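Start from the sequences, fold in the hints, and give me the full structure.
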Amino acid sequence: MFILESWFQFLVLLGRILLPSTLFSNGEDAYQISAGELQHIRSSTSQKDLLAIFNHINVPRPVGSSGHTEVRKFIVNFLKNLTWDVEFDSFSDQTIVGNVTFHNIIARLKPERPKNFLLACHYESKLMDNFLGSTDSAMPCSIILKIAESLTKYIERQCRADVGLKLVFFDGEEAFREWTSTDSLYGSRHLAAKWDQPDANGSRELSRIKLMILLDLIGASESRIPYYEYRSSQFYGILKHLQDVMGRNNLLRGSKNGRRAYFGDAAPDVFIQDDHLPFWERSELLMVPSTSIKSHKCTCWSS
0 MFILESWFQF LVLLGRILLP STLFSNGEDA YQISAGELQH IRSSTSQKDL
50 LAIFNHINVP RPVGSSGHTE VRKFIVNFLK NLTWDVEFDS FSDQTIVGNV
100 TFHNIIARLK PERPKNFLLA CHYESKLMDN FLGSTDSAMP CSIILKIAES
150 LTKYIERQCR ADVGLKLVFF DGEEAFREWT STDSLYGSRH LAAKWDQPDA
200 NGSRELSRIK LMILLDLIGA SESRIPYYEY RSSQFYGILK HLQDVMGRNN
250 LLRGSKNGRR AYFGDAAPDV FIQDDHLPFW ERSELLMVPS TSIKSHKCTC
300 WSS
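Going by numbering that gives the first Met the number 0, the residue at position 84 of the sequence shown is 83; the numbering climbs one at a time, nothing skipped.
FYI, nobody ran anything at the bench for these hints, they're computed from the structure.
Because the structure is a prediction, the values reported are computed rather than measured.
One or more of the hints may lead you astray.
Unchecked claim - Mimicking BS3-like on lysine-lysine, the simulated pairs with C-alpha atoms at most 30 Å apart in a straight line are:
hint	residue 1	residue 2
1	LYS47	LYS239
2	LYS47	LYS72
3	LYS193	LYS79
4	LYS109	LYS152
5	LYS193	LYS109
6	LYS114	LYS47
7	LYS79	LYS125
8	LYS114	LYS72
9	LYS239	LYS114
10	LYS72	LYS193
In structure tokens, the structure reads:
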């Protein structure tokens, strides 16, 4: 299986590729990884460290609960201890269960860059008795926090890079009852609308997004990430390239031969509704690529 260390290593490598200004340059040389970088990531990766973060988040945390508050505090304190600037996008919305207050968490490292690579997930769990939401989305949150820890110094050294890393932990992704266009995606719908508004200079935060990647349902064994037609095909090619690099260097730990394909096949004719969707709908005319790294088949939902 593509175990947790492999997911973390994969996304750290992805960050090393995306953050320099060469993102989407012509030619494969624009996203080469050196042997030294591979060895450093291999030696510095610990599933134990990742699980330590996970254990703080993998609790029942529906919106408005004490668990929800504690997880939000943990995420914020973790990032602030890494010297990231953290802000909230807080708002109230009328839902099927009444008026509810939501808190999106947004984090960035100074200095501000002209463009941003947006890495996102949601942090609340579904309103169900004793539901943990381990893959949905405690593990994606944990992976993003560990990526932030691993890439902070690297980002700070990229003095001339024109692409920065911004993290968003959405609130209110889950439906309170049945999933509909209005009972779901509360946080992402609000933030996408907010970032689509022009500032005093007439520019939109949405237009500064170079690429958005959303993690969801990540962490179970046998995960497979198909290609959806509305994704950025060039970026998906980078994912497949990184997969090949990791396979050749035995970083896909747990698979029998280290070369199993996790990215590759075209998806069935389905349209994924997740937190990337409000951004994709608003940014389509701006040509902002977005993708959802989400398992097509996830048999391990809550634990």
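Going down the list of hints, with the structure as the test:
1. LYS47 to LYS239: 27 Å, holds
2. LYS47 to LYS72: Roughly 22 Å between the alpha carbons, so the hint for LYS47 and LYS72 holds.
3. LYS193 to LYS79: Holds. LYS193 to LYS79 sits at ~24 Å (cutoff 30 Å).
4. LYS109 to LYS152: Within the cut-off at roughly 12 Å; holds.
5. LYS193 to LYS109: 21 Å, holds
6. LYS114 to LYS47: 33 Å, violated
7. LYS79 to LYS125: Holds - the C-alpha atoms of LYS125 and LYS79 are around 27 Å apart, at most 30 Å.
8. LYS114 to LYS72: 28 Å, holds
9. LYS239 to LYS114: 24 Å, holds
10. LYS72 to LYS193: Distance of about 23 Å is within 30 Å: holds.
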